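Participant: Below are the chains, spelled out letter by letter.
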Amino acid sequence: MRTDLRYKLTLAAIIAVSILLLSFLSLFLMFSSTLLIGLIPVFIFLGAFILTFILGFVPFMKDHMWLSISAAALLSLLAAYIIHLLI
Amino acid sequence: MTFGKRLKLSLLAGCLCTLLGSGLLLFLIPSIRTTALAILITCAVVFGLALLLVFLLEGKSSKIRVPVFTALVVVAVLAVSCVIIYNFGNSMVYHPAFDEEAYEELTEMKSSAVELSADGLSGWRIPAASVVDDKPRSVILYFGGNGENSARKVLNILNNDELSFLYDRCDFIFIDYPSYGLSEGTVSESALRDYALRAYDIAVSLDTTASVTVFSYSLGNGPAVYLASREEADISNLVLLAPYNSGLDLFNNYVDIFHGPFALLASYRMPVYSYASDVTCPVTIIASADDEIIPIESSRALFSELSQSNCNFITVEGVLHNDFMSDEQTLNSLRTAIGG
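Protein sequence lines, in the order shown, are assigned to chains C and U. Read in order, the letters of the first sequence correspond to residues 280 to 366 in this note's numbering. Read in order, the letters of the second sequence correspond to residues 75 to 414 in this note's numbering.
Only chain C is shown next, with the shape it has when bound in the complex:
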């Protein structure tokens, strides 16, 4: 087993965040009145994935992937707030 602190933190975070993500997804499906609303997290995932992946081809972003991840995170928060206002 690797002994560095970063590895330990990552391992613990992967377990906790995976459970958190699954819980939020199941909450969405349980409380949503329609399947379309229940699938909002899936749409957010696809949007963020495609955006980050495409930005990875832009020369500047290629070396600053964390910038595009941060941009995607901010956009997802904005999208969530707009969805909240719409539904």
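Treat the hints with care, since some could be wrong.
Unchecked claim - Reference listing, derived: stretches of chain C covered by chain U, where coverage requires no fewer than 3 residues with Cβ under 8 Å from a Cβ of chain U:
(1) 283-296
(2) 299-310
(3) 340-354
Stated by the list, open to error - Partial list, computed: chain U residues near chain C (C-beta under 7 Å):
(4) Cys91
(5) Ile106
(6) Phe121
(7) Ala124
(8) Leu125
Claimed, not checked - Cut-off 16 Å, straight-line C-alpha distance, at most; resulting in silico cross-link-like pairs (EDC-like, lysine to aspartate or glutamate):
(9) Lys184(U) x Asp207(U)
(10) Lys287(C) x Glu132(U)
(11) Lys209(U) x Asp281(U)
(12) Lys82(U) x Asp342(C)
(13) Lys209(U) x Asp242(U)
(14) Lys79(U) x Asp342(C)
Source of the hints: derived by calculation from the structure; they are not laboratory data. All figures in this text were calculated on a predicted structure; none of them were measured in a lab. Glycine included, C-beta positions come from ideal geometry on N, C-alpha and C.
With chain C held as given, fit chain U onto it using these hints.
Facilitator: Okay, now just chain U, sitting in the frame of chain C:
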């Protein structure tokens, strides 16, 4: 940057954004906020435990590490499931709402209905139509269903001649549950018991109240039977429409798993049966064989707990849970039971 690394980072971004976006959405919905917060706390505990285990199992073989981490994940998933089920029950049972449109309409009809407000609770009273203003009269204290609020209910009664027997010779009072309508507080099982006593105090504090008839429907049957079982409450008549024997019956009617230790997962367990033996006033139970929310067996079980000498059980046929107040058989039974 390699294609593999770009793919990995994009997946990471997708997961992070899903977590942030759906998390924010869940926190913005008031009825789910508590559940989302409880899940967040559970996952923070899981993170702490996982970190502790990583340190404790450092240098141990994978034969030990794999089962321990698997157990942690299973326990964490179970814990989160319990949190979700418990909170989902809450949002299934309680539907607090304030009907602004009905409230404003009633406010304009001042002569027909009077707003009541005391002790953090709020509701409406329809004064008896055929009784002189200050003459003592009986009061019907209504305990509504989980989706009802006083303004809409009172407006519906006033607009429906078929229901005029509810306020013809007696006052009709409906006080909103905590967090419903303009009532303050948070609704819960214990808050409903407390509410029943406070609503009764409001009814008897009126100068014109001579006696109190309690009429309850669906969720309201729990606090209504609790009130009737209390020595300090002098109830002349108890009319239960679609009552249940225990709050657990409501849950088990959806998914039949809330037995034994699993009963603790139900957020509303109101043991109505345990109050029934202390009820001394005459009781009328009206239940439908076709009620899809509260099975008639649950109403019958409650009937068997009540003193049989002054209890009457009326079965109506072909009536769904939300259709009682528009069903002729039910209304005739109610007229007889309430004495309208």
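Participant: Now, for every hint given, state plainly whether the structure supports it.
Facilitator: Going through the hints against the structure:
For the stretch 283-296 of chain C, the proposed coverage by chain U is satisfied: 8 residues have a C-beta within less than 8 Å of a C-beta in that chain, meeting the threshold of three. With 11 residues having a Cβ less than 8 Å from any Cβ of chain U, the stretch 299-310 of chain C passes the three-residue criterion, so the hint holds. Beta-carbon proximity to chain U at under 8 Å applies to 8 residues in the stretch 340-354 of chain C; the threshold of 3 is reached and the given coverage holds. Proximity of cysteine 91(U) to chain C holds as hinted, the smallest CB-CB distance being about 3 Å (cut-off 7 Å).
For isoleucine 106(U), the interface hint holds, since its Cβ comes within 7 Å of a Cβ in chain C; the closest pair sits about 6 Å apart. Interface hint at phenylalanine 121(U): satisfied, since its Cβ lies 4 Å from the closest Cβ of chain C, which is below the 7 Å cut-off. For alanine 124(U), the suggested interface contact is upheld, since its CB lies about 4 Å from the closest CB of chain C, less than 7 Å. With a least beta-carbon distance of about 4 Å to chain C, the hint placing leucine 125(U) at the interface is held under the 7 Å criterion.
For a cut-off of 16 Å, the pair hint linking lysine 184(U) to aspartate 207(U) stands: about 14 Å separates their Cα positions. Taking the CA atoms of lysine 287(C) and glutamate 132(U), the gap is about 10 Å. The hint holds against a cut of 16 Å. Simply put, lysine 209(U) and aspartate 281(U) have alpha-carbon atoms about 9 Å apart, close enough for the 16 Å limit, and the pair holds. In summary, the hint linking lysine 82(U) to aspartate 342(C) is supported, as the alpha carbons are separated by about 15 Å, within the 16 Å threshold.
Between lysine 209(U) and aspartate 242(U), the direct Cα distance comes to roughly 14 Å. Compliance with the 16 Å bound is thereby established for this hinted pair. Taking the CA atoms of lysine 79(U) and aspartate 342(C), the gap is about 12 Å. The hint holds against a cut of 16 Å.
Comparing the model with each earlier hint shows no violations; every hint is respected.
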